[in-house]
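Construct the complete structure from the given sequences, taking the supplied hints into account.
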Amino acid sequence: MGFSVRWFGVSVIAAACLLAAATGSAAAPSSAGATAAGQTFVYDSYTQVMINWDPATAYDQEQVALENMYETLTSFNTKTQTIEPLLATSWKKSQGGKLWTFTLRRGVRFHTGRPFNAQAAKAAILRMKKLNQAAAYAWAAVKSITTPTPYTLALHLAYPQPMDLISSAQYSAYMYDVKASGTEDLAKWFGAGHDAGTGPYEVKTAAPGQEVELTLKQFPGYWGGWHGKHYTNIVYRIVRQDSTAVQLVRSGQVSFVQQMSPQLWATVKGSPGLRTPTSSSFENLLLYLNTASGPLQSKAVRQAISDAIDYNGIVTALKGAAIRQPGIIPTGLFGHSPTVPLHSYDVARATQLLASAGFGPGKNKITLSMTYTQGDSNEQLISTLIKSNLAPLNIDLNVQALTTSTKYAKARSTNPADRQDMTFIYWYPDYPDPATWFISLLHTQSPPSFNFAYYSNTTLDKQIDSIERITASNPAQAKTIYRQMEMTVFNDVPIISLYTVEKQRIVLDSVQGYQDNPAYVDVVFVYKIHPKA
Amino acid sequence: MTRYLVRRVGLSALVVAGVVLLTFLIARVVPGDPATSWAGPHATPAEIAQARHHLGLDRPFVDQIATYFRGIFVGDWGTSIHTHRPVLSDLASAVPTSLELVIAALLIALAVGVPLGLAAARHRGRPADHAIRGFAVVGVSMPIFWLALILQLVFFNYLHLLPVAGEYGLRFQENPVHAYTHAAVLDAILNGNWAMLWSALTHLVLPACAIAAYPAGVIARMVRASVLDVSGETHIQMLRAFGFGERTIFNRFAMRLAWNPVAQVVALVFAYSLVNTFLVESIFDWSGLGSYASDSIISLDTPAIVGITLFVAIVYVFANLAVDLVQAALDPRIRLR
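Line by line, the protein sequences give chains A and B.
Following our numbering, the numbering of the first sequence begins with 958 at its first residue and continues without gaps.
Following our numbering, the numbering of the second sequence begins with 3 at its first residue and continues without gaps.
Treat the hints with caution; some may be incorrect.
Each computed EDC-like pair below joins lysine to aspartate or glutamate, with the alpha-carbon atoms no more than 16 Å apart [unchecked claim]: (1) Lys1087/A <-> Glu176/B; (2) Lys1161/A <-> Glu176/B; (3) Lys1344/A <-> Glu1240/A; (4) Lys1489/A <-> Asp1466/A; (5) Lys1174/A <-> Glu176/B; (6) Lys1485/A <-> Asp1473/A; (7) Lys1460/A <-> Glu1240/A; (8) Lys1226/A <-> Asp1466/A; (9) Lys1436/A <-> Glu1459/A.
Just so you know, these hints were derived from the structure itself, not from any lab.
This is how it looks when you write it as structure tokens:
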């Protein structure tokens, strides 16, 4: 063990040389940035993208990548509010909306090399129905499927459903090759990082849990062709820290930042070489009020709570990441009614309502419990604001941060005494249809699945049960019923829509043609955009 | 020696078993339902019940813990609720990444801390000593996340000298080489990809420096204290009386005896640094144990949390064992019994 000062002197010099050499010509941002600015589109996600690789059961944030690998029969154009052809070139309904016939696109191949046709589409839909996970409930009305010709797909329904809309869903509507795995189990084959879609891009590399989680490359046999300018590769990169994401996009090492804190996003606005577009979404933050137990059983108390919240204060605090809209159906979706009143901040009326129920300042004190998702800074902020709004009204709000699963477990507790009085949920539709808000959040449920207001209203239940059939057969009547349902929710206050999420993106200037489509949450359709020449 | 080793390994195994048992117990009593996490946010009660059965959560606790302990020995550390992959294979790809980072950090810490400690001891009471002690205090007390952000800001944002995030450049990630070890530097060498090696080394500098700050400070203080302690002992005074020069006494005698406590500190800060990667990996986007742990904790991924705890506990107890063995090898006065 002949350690000496000289030995350490040498080691220090060596370490210094290594550092100096490394810093001398390291991957400077300008050179590294060339990658993202070139033919590779780099998508920055704050969390893991590929939780589930199976297109039939994926139900998380995988759609941001799956939408570039897989295609659906139709797609929804939010801007024009129309359903557009994709793998189906045309479609028609008959028998009062109980038979839907899709004519399929010819010359389409899966990434596996096999042709896409009516038999393949039928097999994909049947597998989704059989697995019955994710948004497969949307296919529940399908009684049988026939294939009159190799490129004609006929869906026979038990009751009328808007199958053209359902076919455009961002979950459980992808067309995939069910024979892709051969004799191997298909779910396991997908899970190993394979894809079997018809989309413009296919899997190049998959590294679950790694920083660069997924790389896609152009599928040479894509039916749309590769004429004109297109990105050759897509990289899905996980950047957990907002501050790191800002530095990466400023240096051009990522092309698109999915989301970050509104405060940090605001600091990026006006930066050279970057665009900071915002777009409305179909996602809103809802506040449940427990209608089944505790002080909120009283309709007057619930109405008082709705009057006591400073909604504009919440929107201001979120610095452009939120906008107020009337009702629980977001603007741009079928059924949205601008004439539904907005809940307003009216402390005098709240005091009056509370007094009528024997509560409020100088009267009996109300103690309520509220849960929010741990780590969600927006929910944390809003909880604090609501707590301070309610305090002057002699309402003590106990706020508790819980993980998502714990929050749900508490809300689903079989003992009503263990449930919370108030909690939050972000909600967006699986396909561009408003029924999901009512079916999932407001229809009577025992045990509760997502109706954490524990609300039960037989009139509303009847309307919910029939609304999709009416939508498929008589859209005008459906709109009227949706407004009635919205008014019921406004008056009974089982749920309050606090705001609709406004997406704040950061996009490199070199990315041309980017547009958000709220029907496909956080998806960048990379085939439709291109790098600047 | 053999008896000592057998006894220590046995005791270490007991400690690890205790830690696992405790973690398993805590994971079961904290509010939350792993089955709900497994089934996903939109799962129906029936799907959650199915997930509970699949994960074995509907079995008695004793049965669950016995199954887990059996699994440890046959390489089945459970399945991650978050990634849906075996925990051991998740760890196999995450641990080498973190080890590479921690080893690089410790090398930097040794290269900086030891000479500084020695210099402080040589110049005791002088301005150099005060400056080094001040540096050591700053290194030990500076919040690691803050240092990491400052390093990013200075070396990436302002000076454009070093990359801000990742284990190596994007072009190597788009066209990955064969991952023999999941440690970027080693994999680059094993694949003979020198461009990637360069990229991996440059990406290593900032996170390794951030992690190195604490151990460098601790090592500098420990080296200084040990050398000064040894310098005052009677045998060193005797050497002075024999007419040995200060430099010779310092280099040939005092320093050798000062290594024992330093070795002990190095082993302890190694395990500590492994935990410190949690924040640094998140800031620098390294897909190592730290990122895996933070994802697991956020998603209440019980099998992954227990797996990580098991691994860190093993590292801690065996690092301590290694210290004892190294001390015995360095200092002939120590006998292992």
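Here is how each hint holds up against the structure:
{"no.": "1", "hint": "Lys1087/A <-> Glu176/B", "result": "violated (36 Å)"}
{"no.": "2", "hint": "Lys1161/A <-> Glu176/B", "result": "holds (8 Å)"}
{"no.": "3", "hint": "Lys1344/A <-> Glu1240/A", "result": "violated (24 Å)"}
{"no.": "4", "hint": "Lys1489/A <-> Asp1466/A", "result": "holds (8 Å)"}
{"no.": "5", "hint": "Lys1174/A <-> Glu176/B", "result": "holds (10 Å)"}
{"no.": "6", "hint": "Lys1485/A <-> Asp1473/A", "result": "holds (11 Å)"}
{"no.": "7", "hint": "Lys1460/A <-> Glu1240/A", "result": "holds (10 Å)"}
{"no.": "8", "hint": "Lys1226/A <-> Asp1466/A", "result": "holds (12 Å)"}
{"no.": "9", "hint": "Lys1436/A <-> Glu1459/A", "result": "violated (25 Å)"}
Comparing the model with each numbered hint stated earlier shows that hints 1, 3, 9 do not hold.
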